[in-house]
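Student: Here are the chains, one letter per residue:
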Amino acid sequence: MQIEERVDQGRRLVNLFLGTSLGALFISIFYPIVKYLSPPKLAEPTSFSVTIPWKATEVKVNSGRVFRFGSRPGLLIKTPAGELKAFSAICTHLDCTVQYREDRQVIWCACHNGVYDLNGKNISGPPPRPLDPLQVKMRGDQITVMKA
Amino acid sequence: MSVNRVVDWLEERIDLGAFRHLLQEKVVPVHHHTIWYYFGGMTLFLFVIQVVTGILLTFYYRPSAEEAYESVQFLMTEVQFGWLVRSIHSWSANLMVATMMIHLFSVYLTQAYRKPRELTWVTGMLLFAIVLTFGFSGYLLPWNVLSFFATKVGTNVAGQVPVVGHTLVRFLRGGDEVTGGTLSRFYGLHIAILPLLTTLILGLHLFLVQQQGMSVPPDVERASAQQPIRTMPFAPNFLLRDLFGWFAALGVLAALAAIYPWELGQKADPFASAPAGIRPEWYFVFMFQTLKYIPARVGPFDGEVLGVMGFGLGGLFLFLVPFLDKRAALGEPSPLFRWTGIGIILYIAVFTALGYLAPGPK
Ligand code: FES
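Quick mapping for you: the protein sequence lines, in order, are chains A and B.
Anchor point for the first sequence: position 134 equals 134 in our numbering, and the numbering is continuous, going up by one each time.
Anchor point for the second sequence: position 337 equals 485 in our numbering, and the numbering is continuous, going up by one each time.
Any given hint might turn out to be false.
[What the hints assert, rightly or not] Okay, derived cross-link-like pairs now, EDC-like style, lysine to aspartate or glutamate, Cα gap no bigger than 20 Å in a straight line:
| no. | chain 1 | residue 1 | chain 2 | residue 2 |
| --- | --- | --- | --- | --- |
| 1 | A | Lys41 | B | Glu480 |
| 2 | B | Lys440 | A | Asp117 |
| 3 | A | Lys147 | B | Glu325 |
| 4 | B | Lys263 | B | Glu480 |
| 5 | A | Lys35 | B | Glu325 |
| 6 | A | Lys41 | B | Asp324 |
[To be verified] FRET-style restraints, in silico, Cβ to Cβ:
| no. | chain 1 | residue 1 | chain 2 | residue 2 | range |
| --- | --- | --- | --- | --- | --- |
| 7 | B | Gly458 | A | Val106 | 47 to 55 Å |
| 8 | B | Glu218 | A | Val106 | 32 to 40 Å |
| 9 | A | Gly23 | B | Asp324 | 31 to 39 Å |
| 10 | B | Phe449 | A | Glu5 | 32 to 40 Å |
| 11 | B | Thr315 | A | Gly70 | 21 to 29 Å |
No lab work stands behind these hints, which were simulated from the structure alone.
Note that beta-carbon positions come from the ideal geometry of N, C-alpha and C, so glycine has one too.
Could you put together the complete structure from these sequences and hints?
Tutor: Structure, rendered in structure tokens:
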């Protein structure tokens with residue numbers, strides 16, 4: 001009786017050691033894999049400005065163009081009133097890149113027919129939020145855009 | 149002569165009993181739903197075509213944002229029969245999703261998922277999910293405008309999942325944006341991970357089918373309670389019919405590929421607007437169309453979150469149906485599940501049709 005109990009205890013101890021070391025082995029294998037698969041965070045500067053590669057005079061009234069704003073697209077528009085405005089071109093719905101519709105004078109997303117007005121406010125379709133506004137600065141004829 | 153000698157030679161060394169049994173004793177029930185038995189095999193056949201053409205494609209394809217589009221273009225224009233291989237790969241992929249859907253829903257409606265075939269159903273649903281992932285990841289590989297935005301939207305949809313959404317998007321995209329990094333990831337997924345998973349789960353699926361034999365629909369079972377159900381031998385009767393179907397499918401594929409070679413479209417440009425008329429592959433259109441109709445906010449919820457959750461629940465329901473449908477397990481009619489299935493099919497059909505027919509935005 002006594003001996004059996006002791007043997008049982010011994011087994012349990014061995015099982016415990018084996019079990020935990022197996023667990024540790026698995027963790028030491030899978031932890032690096034999971035970490036490997038999650039992409040490294042690239043530091044995006046929080047404040048930076050981009051000089052747009054075309055001149056203010058080249059932008060027609062009632063038109064819009066997508067430009068490179070860091071790693072993301074931005075949208076520069078010249079309203080029918082002649083005002084320059086810039087927004088993040090990323091639709092707040094599911095990430096498509098929006099465009100300026102000259103015929104309707106709105107900002108439009110082709111993916112699920114989302115519509116924004118000229119202040120970037122979502123006015124119809126599925127987008128839940130306005131477009132993120134960007135700040136436009138003029139230096140002579142040069143347009144500079146930065147985070148608002 | 150020589151075939152027999154080979155068999156004899158083998159038999160002296162290994163036990164071929166299992167194969168013999170399979171070939172000689174496997175039977176297929178014959179009744180008015182027998183036609184549905186062919187769609188699983190058809191899906192398998194198309195999958196084999198995918199494997200063969202897919203391997204061929206890897207010889208020319210280059211998985212990077214700078215080269216992917218150009219390499220496919222080269223393949224389509226310069227490589228002899230490159231257009232054919234790629235077109236067959238794309239067409240066969242689409243046909244495979246179609247036959248798989250027919251297989252899935254015919255199994256559903258004949259309640260073949262009921263006890264004792266729960267695991268066959270579950271492995272089948274896993275395969276369905278894998279095939280959709282195959283489609284989604286493969287779609288991006290040519291790196292054209294349509295696939296670029298489809299991937300943006302598709303991965304962003306995953307981001308709507310509560311709590312883990314953000315991590316999931318970064319994991320899928322290999323970063324915060326859809327870039328060449330995403331392409332590498334999808335490539336690895338498409339040609340290594342998914343094929344491996346498919347092989348494992350498909351093996352299990354076929355093993356289970358083999359072990360349990362074909363399911364007979366409950367109404368047929370009830371109607372023939374007295375006399376045994378008529379059957380035909382699997383080999384050669386059913387197998388030859390299968391083969392006939394495969395030949396037909398091969399013909400259809402070749403015709404489609406030759407008459408409608410798969411288009412390549414425009415190269416993706418991360419700094420261009422999404423073009424008008426953008427739309428995912430047809431088997432995702434019903435979800436895409438739904439997302440268009442859901443308003444920005446429904447009560448306290450974001451519209452798209454609600455949509456994504458809805459589809460998730462629908463998928464989960466299908467996945468678990470053998471365990472939910474208690475009456476089918478007992479061999480009783482279960483109209484509730486039957487009509488739910490019909491409802492799901494109708495929903496998919498109607499929203500897919502709307503996706504193609506509803507007047508586009510002006
Ligand atoms: S992504 Fe713009 S409306 Fe859906």
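Student: The structure should be examined with respect to each hint, and the outcome stated for every one.
Tutor: Hints versus structure:
no.: 1; hint: Lys41(A) to Glu480(B); result: violated (56 Å)
no.: 2; hint: Lys440(B) to Asp117(A); result: holds (19 Å)
no.: 3; hint: Lys147(A) to Glu325(B); result: holds (18 Å)
no.: 4; hint: Lys263(B) to Glu480(B); result: holds (12 Å)
no.: 5; hint: Lys35(A) to Glu325(B); result: holds (19 Å)
no.: 6; hint: Lys41(A) to Asp324(B); result: holds (8 Å)
no.: 7; hint: Gly458(B) to Val106(A): 47 to 55 Å; result: violated (29 Å)
no.: 8; hint: Glu218(B) to Val106(A): 32 to 40 Å; result: holds (36 Å)
no.: 9; hint: Gly23(A) to Asp324(B): 31 to 39 Å; result: holds (34 Å)
no.: 10; hint: Phe449(B) to Glu5(A): 32 to 40 Å; result: violated (59 Å)
no.: 11; hint: Thr315(B) to Gly70(A): 21 to 29 Å; result: holds (22 Å)
Hint compliance for this structure: hints 1, 7, 10 are broken, all remaining hints hold.
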